[in-house]
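So you can see what is in the structure, the chains are spelled out below.
There are 2 protein chains.
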Amino acid sequence: MNQKSFIPPHRTLMGPGPSDVSERVLKAMARPTIGHLDPIFIQMMDEIKKLLQYAFQTNNELTFAVSAPGMAGMECCFANLVEPDDKVIIAKNGFFGERMKENVERFGGIPIVIDDDWGNKVDLNKIEEALKEHPDTKIIASVHAETSTGALTDPQSITKLAHDYGCLSIVDTVTGLAGVPLMVDDWNIDAIYSGTQKCLSASPGLSPISFSEAAKEKIKNRKSKVKSWFLDLNLIMSYWEGEGGRSYHHTAPINALYGLHEALLILKEEGLENSWKRHKDNHLLLKQGLEKLNIGFLVNEEDRLPQLNAIYIPEGVNDLETRQKLLNDFNLEIGAGLGVLAGKVWRIGLMGQSSNKINIEHCLSSLSKAI
Amino acid sequence: MNQKSFIPPHRTLMGPGPSDVSERVLKAMARPTIGHLDPIFIQMMDEIKKLLQYAFQTNNELTFAVSAPGMAGMECCFANLVEPDDKVIIAKNGFFGERMKENVERFGGIPIVIDDDWGNKVDLNKIEEALKEHPDTKIIASVHAETSTGALTDPQSITKLAHDYGCLSIVDTVTGLAGVPLMVDDWNIDAIYSGTQKCLSASPGLSPISFSEAAKEKIKNRKSKVKSWFLDLNLIMSYWEGEGGRSYHHTAPINALYGLHEALLILKEEGLENSWKRHKDNHLLLKQGLEKLNIGFLVNEEDRLPQLNAIYIPEGVNDLETRQKLLNDFNLEIGAGLGVLAGKVWRIGLMGQSSNKINIEHCLSSLSKAI
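Protein sequences, first through last, are from chains P and X.
Count along the first sequence from 1, then add 3; that gives the number in the numbering used here.
Count along the second sequence from 1, then add 3; that gives the number in the numbering used here.
Any given hint might turn out to be false.
One copy or two, it doesn't matter: identical chains are merged, so the pair holds either way.
Computed cross-link-like contacts, PhoX-like style, restricted to lysine-lysine with a CA-CA straight-line distance of at most 20 Å [as the list claims (entries may be wrong)]: (1) 52 with 7; (2) 52 with 328; (3) 271 with 347; (4) 295 with 283; (5) 52 with 271; (6) 52 with 135; (7) 90 with 223.
In case anyone wonders, no lab produced these hints; they're calculated from the structure.
Work the whole structure out from these sequences, hints included.
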């Protein structure tokens, strides 16, 4: 066995995540570890909460980072909000809708999956039809930014529809947060989760999450215990919300949280709207270049996520070999297609720190040489 | 809101964890983030697996790090191994036995709790009586190193008893791994989990874990799906065990894994037996000094964990004020008592990098000034 320290190469990360992590964030993670109950650490956790409230544009008290990757954030929402036999409508237009279905089933709920083609946005009419057919539905779940296709869905309209029919709205914004407009309070979203390794450009391993008062009420009044001790918000609330001292629940990932704190500061310094605009502008720049290479997009122009560009693999070009060449010869990571799109599309991420002109030039010039 | 980078103080960490993280590990975490499906990263994951097999002294194929703190490792064991209506005997002699009970209940099992006083070791006779009373028991769960009391329990004898009665054995070694002798294969343990922030001295956020072939068989043949998608080993197996390419399950905490890799290398360089001996020797040194201060131990000498010293708070000494003084005036963190021991004991950790002579001198001299 190779018994040496691991020295990773310098990659340019333009896949579906992780995105490039800045020197500032890397340095923050290397600061001395202190105790998770140290008053100074707890103060930093309060700052993270406020910074996350800014990123989500919410005043929700229950806003924090789950101590595990984005998929645990998804599970945290479903484990806490779904009770046995609850009907949950899932607006599925990609890979992550399927995972939501798995979550609902495992927690004893009844998933009602409304399918739209991968790469299309969600059809609101179909959701409303399902609501009429199942008036006892409790929750509607949707994906703001489908990482598997690069399609943007409008959580505001879906949430309005959910509330019109007395449902709660769960939104996946793993790839959305900080990359496209999102206003959790204005849009009245009840539960939302994200990841740190996309447009926030922190290292993976944490899942920012936020719950409305209505969601909290449902969780507090559950008839059955949450089928997870680690993710039970009734326990976690006292850890993140407690004043003047927190009860021990689990040991927080201290150094990862240093990194998230720094990444959120960088976002605050830039300003959310500037971040949204930068993602948009750089997407247009990439698009221009791809057009010159005759490469087309999977998603209609008006529904495209600027931070995740699913593009058709040019005819006659070998998928795997090209990606390997990009990685080995140009230190450039782009993403493969997922699920039904495997072998058909590549996913080029322009997320967070990775969304910049130098990366775009590097990507276009490497692509033109590799294909 | 304070909008500055977070610069933590330099603490000496002698509580129940996290322990001091070395410069080598901190630096490793600051190396450039690469993709979680990058072949070079996957190679590092394979090295981590081999290094964990060394630390656990096992050849178990299913040996890896759960992408979340130790409590998620506990949940991973119970979520996967407990099926509805399974009887699980829990040898409880402290705080973490209670958590095991919570886990068993949430996954639909029937916990049979065998209580021993906090600070005592587990009484094998009581376990055997329970087995005779409940011959349909499926699992026995025990805590190798009770972090709440500093008591050592012998997982070898408990596992032998479990197998004599056709049960699997789950062992919590969150605080045990690398601090006291542990031979997973020789002792035939079926499922075991640990944490990174104790005697391994990596940052918190990951949970090393290992499963025997018998445990894997039980998981593969479950009648009901695991009540967690994030922790379902049937899915995770293909992520950590897949050859020549891994299927995407979740995004691994890349930089935290860099840190764990380095921490495991440090352990390998020192050698497991040397690490066990160092923990023992330093415990004796601390004990000598505490005796001079007339401070006594909660646990009988023969059952004490060298890495976690639960000591009685001297009469007339204020618990909270003294710990605050140690933190503020001496940058020294020691642990409070947990549960029924709150206000009665302190917990002094000598774990991993924190187990050294300089720390012990600093601790004894600070304590003598503060009490």
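Structure-based check of all given hints:
1. 52 with 7: between (38 Å within a copy, 15 Å between copies)
2. 52 with 328: neither (41 Å within a copy, 28 Å between copies)
3. 271 with 347: Intra 37 Å, inter 45 Å, cutoff 20 Å: neither.
4. 295 with 283: within (19 Å within a copy, 68 Å between copies)
5. 52 with 271: Classified as within; 13 Å inside a copy, 39 Å across copies.
6. 52 with 135: Cα proximity of residue 52 and residue 135: none, with 38 Å in one copy and 51 Å across.
7. 90 with 223: within (19 Å within a copy, 29 Å between copies)
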